[in-house]
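Residue numbers (my numbering), protein chains in the order written: chain A, 1 to 325; chain G, 326 to 661.
It is possible that some hints are incorrect.
To be verified - Residues from chain G shown here face chain A by an in silico Cβ test under 8 Å; the list is partial:
hint, residue
1, S450
2, P480
3, F538
4, D613
5, V636
What the hints assert, rightly or not - Pair by pair, the computed Cβ-Cβ distance ranges are:
hint, chain 1, residue 1, chain 2, residue 2, range
6, G, A378, A, L229, 53 to 61 Å
7, A, S14, G, D544, 31 to 39 Å
8, A, R88, G, S558, 31 to 39 Å
9, A, R15, G, L565, 34 to 42 Å
10, A, L229, G, L442, 41 to 49 Å
Please keep in mind that the hints were generated in silico from the structure rather than gathered at the bench. The beta-carbon is built from N, C-alpha and C at its ideal position, and this holds for glycine as well.
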Amino acid sequence: LASVAARERAPGPSRARRWLSGFRERETWTAYLFIVPWVVGFVLLTAGPMVWSLALSFTNYNLEVLAGFAERESVGTDNYSQLLDDQRIRTSLENTFIYTVMTVPGKMVFALALAMILVRIGHAAGLFRTVFYLPDITPPVAIGVLILTLFNGQVGVVNRALEFIGIPGPFWTTDPDWIKPALAIMSLWGVGGTMVIYLAALKAVPQHLYEAAAMDGAGPWRRFFTVTLPMISPALFFTFIVLTIAGLQTFTEAYTAFFGAGTAGAEQPEAALMYAIYIFRQAFEFFNMGYASAMAWLLFVIIMIVTAIQFIGSRRLVFYQGSQR
Amino acid sequence: MTAGAPPQAGPAGTGAAAPSIPQILRAPRRWPRPTGGWLRQAIFLAILVGLSALFIYPFVWLVSASLKPANEVFDNAIVPNTFSWPYDKQQTDPRGIFGLDLPFARWIFNSLWIGFLGAFLTMLSSALVAFSFAYFRFPLRNLLFALILATMMLPTMVTMIPTYLIWNEVGKWTMEGGALDFLPHIGTRTQYPLWVPNLFGSAFYIFLLRQFFLGIPRDLFEAARIDGDSYFSMFRRIALPLAKPALIVVFIFEVQAKWFDLMTPLIYLAGTDASLFTLPLGLKTVLDSFGLGGGGEAEWHIIVAGTVITVLPMILLFAIFQRYFVEGIATQGRKG
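My request is simple: use the sequences and hints to build the entire structure.
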């Protein structure tokens, strides 16, 4: 108490000085010692590479430079203007957007429907949750194989099933119009993770809100739109952002199924060329690392813009308990 | 900077709206009572059973196709007409996936040790960093933590190429005649790039563990300090044991991430000695050489058997740690 009184009488040290005095504490240095692993990793694997990547994107760094046969030279913004001319950039961006737009809302709606049924059937829900979650722990490479086999146009089981109900199935894995739908349908199979998030959110909605709404005469749809949706909107928003970012970076399933060494001679369908796949091929198959770096930065900017739009657009739609909005 | 608040879960998330007393008493993991009449329950059950069949079918297809000879893989029969056991160990058996110069056993071993070592390292390093951010107050703390969260937003594509060049450079130093040639050969075309980054913690796990450490009563730590523990032994004796559930979540998430990862081994190991491959790269190689792109007849029974081998260990891991998988995702979400 004495010290408090003293501080009131004479103005204490300035904020800056108090802040600096923190460095004299033993605790501070212990804390810094504890975070050394992250700091080293941040410098070596994140910040350093980021700066380097930006620098690379203004150079001609390619296979010859990597092998030491040529000097690295600055090419100014050539890589970026080449982005505009490269027809494949447009194709791969289109593919990626189409895939993302097909999968994200689909996954969200499907996951929410499953979760809403599961919270209504009591104890059996645990078993079904496990079943629906299993595809989510299936490695993406395996999912790539499944796309090729289940969706095979001639002998695949999907088309056999469609035949059975009288619909001639398309050649999913070779017809450019049907490759992305096949990828999207297969990705719906991995809806389990999103569903588990919604389940947790739904279980946390206080029951008395529903009772109050019902007492006020709200029907099931009204209760869904005025109680359920607002109460789980943080979970919906979270998955919306995460699924979109993941969708824009999608790589493994499509790469496994349609690209790679074995298909080098064979046809590599442009319709499956996702943006991340194109970056990977430019960087590690053609070793145009300067150009690939410029591509990566374009992706980064696109992801930032999309995420920002999502944040701004959802601002009035997401309801956090305890806050005014 | 985080992608929205983590979804609310458990009693802690109910916040402003005061829950009624029975809800507090009820164990949080319980399922709500079934609602609606028996007809609605029956319809729900029918939908769920039907969808379950659809969700399980690809697994059934894989297992049964792997037990068929090459020409019957696509008959799509659930029970194979002709049984053929592809999981043989004999090197001479052309039907066995452990023969045919396919080191599947080796790939499984590689994936396992890289996954477990990487997960163990990232668990410890992330915990150390997370503990520091949760327990200590130090200058620049909030700025540094914001930086950690910001790195979660960064696409791997941006840092991938320079990171490769760094490993390439390190590879030159540790080669015979290089400046550091007393070290083992570390660099591209070795397995080091697959697990060494795990030494430095990972933003997502640091965030997850910090939240967990913040929930541990500070008195426990102060008591340890009064007992004369150093900060590190306090971390080791108090923080780590108490955080065991969260550590397990981090561990299995990272094992899963390693088991799923195709791109990293593709960058660093493709084109090298096949005995260095991890399972995803091995399976991709098998698909490339035995699939339609390999020339000649596609040997799908081998590819499918390899796929079963790739899928199964994750299901086993899930069976053992199901609670942690589900709770980890439900409370923390997961990176993309």
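List of violated hint numbers, smallest to largest: 3, 6 and 8
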